[in-house]
Amino acid sequence: MPVPPIHPECAVTTTNRRWEGPGLEAWEAWTPRAAAQVLAGVGVPWCVGGGWAIDLWLGEVTRTHDDLEVAIPHLALDAVRQHLRAYALFSVGNGEVLALPDGAVHPSDKHQLWVLDAAAGRWRLDVMQEPGDARTWAFRRDPSITLPRTDAILARDGIPFIAPQCALLFKAKYMRPKDVADFERCAPSLDGGPRDWLRAALARTHPDHPWIADLEGQHARR
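For the sequence shown, this note's numbering begins at 1064 and goes up steadily by one.
FYI, nobody ran anything at the bench for these hints, they're computed from the structure.
Among the clues, some could well be false.
[As the list claims (entries may be wrong)] Cβ pair distances, simulated, as ranges:
| id | residue 1 | residue 2 | range |
| --- | --- | --- | --- |
| 1 | GLY1280 | VAL1105 | 37 to 47 Å |
| 2 | ARG1219 | GLY1280 | 42 to 52 Å |
| 3 | VAL1168 | ASP1220 | 20 to 30 Å |
| 4 | THR1268 | ARG1198 | 38 to 48 Å |
| 5 | ASP1277 | ASP1205 | 18 to 28 Å |
| 6 | GLY1256 | GLU1091 | 36 to 46 Å |
| 7 | ASP1254 | PRO1164 | 39 to 49 Å |
| 8 | GLY1280 | LYS1236 | 16 to 26 Å |
| 9 | ALA1183 | ALA1218 | 27 to 37 Å |
| 10 | PRO1251 | VAL1124 | 33 to 43 Å |
| 11 | ARG1239 | VAL1124 | 13 to 23 Å |
| 12 | ARG1239 | ALA1266 | 17 to 27 Å |
| 13 | PRO1251 | ARG1219 | 14 to 24 Å |
| 14 | ALA1266 | THR1213 | 40 to 50 Å |
Don't be surprised by glycine CBs; every beta carbon is placed ideally from N, CA and C.
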């Protein structure tokens, strides 16, 4: 199994990092359906993010996926931690992976948790905290960029996932080959509203981004 790269937002920024738990080679993520089964009954909003969200929107698996990201409102963290108490949780960020025992306070400067299936010794899920609430989705890197949660969160076969325009807004920052591939597969099928929202959000967050011209060209052809 290929070793997935550490998420760009977890890149090392300190010289004395700590890494508790298995290494990256231990990533063997759940599928979205398996995650939905684990999270059934959690009672708070959640959704699949990243490349899996694009594939759920397209209705097919278009590429391999190294991990599985789900997003939750930050106010839902305690409920999610309680629901996942059968697993070991780790706080992730700044190049560190730190055990988060029951009752421990999650660091306020980190938004990410990894879920470890300790019995199998495998990482199963990457949980991202977002600044929105049950009614409103907010972009973590600029919380003033929002959508009603009913527009930002879609579903396929009972699995909630982030809408493609929101997923692509996250992917625009890094432009890794898989991000570009996801954009090229997805963007031509975006309807006018989502396409125009993404174009405006990119103009605000990445004014010189090459995807803006691509989206404008698609608008002109329709």
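Against the structure, the hints come out as follows:
1. For GLY1280 and VAL1105, the Cβ-Cβ distance of about 41 Å falls inside the hinted range of 37 to 47 Å, so the restraint holds.
2. A hinted range of 42 to 52 Å for the beta carbons of ARG1219 and GLY1280 is inconsistent with their spacing of about 28 Å.
3. For VAL1168 paired with ASP1220, a C-beta distance near 36 Å fails the hint of 20 to 30 Å.
4. Separation of THR1268 from ARG1198 is about 23 Å and departs from the stated range, judged on CB atoms against 38 to 48 Å.
5. Evaluation of the 18 to 28 Å hint for ASP1277 and ASP1205 yields a pass: the beta carbon distance comes to about 21 Å.
6. Our hint of 36 to 46 Å for GLY1256 and GLU1091 holds, since their Cβ atoms are close to 38 Å apart.
7. Separated by about 46 Å at the C-beta atoms, ASP1254 and PRO1164 satisfy the suggested range of 39 to 49 Å.
8. The hinted window of 16 to 26 Å between GLY1280 and LYS1236 holds, with their beta carbons roughly 22 Å apart.
9. As the Cβ distance of ALA1183 to ALA1218 is approximately 28 Å, the hint placing it in 27 to 37 Å holds.
10. Roughly 19 Å separates the CB atoms of PRO1251 and VAL1124, a value that falls outside the hinted 33 to 43 Å.
11. Against the hinted window of 13 to 23 Å, the Cβ-Cβ separation of ARG1239 and VAL1124 comes to about 18 Å, which satisfies the hint.
12. Taken as a hint, the range 17 to 27 Å holds for the pair ARG1239 and ALA1266, whose Cβ atoms sit roughly 21 Å apart.
13. Taking the beta carbon of each, PRO1251 and ARG1219 are about 19 Å apart, inside 14 to 24 Å as hinted.
14. Between ALA1266 and THR1213 the beta carbon distance is about 24 Å. The supplied range of 40 to 50 Å is therefore violated.
Violation of the numbered hints given earlier is confined to hints 2, 3, 4, 10 and 14; the remaining hints are satisfied by the structure.
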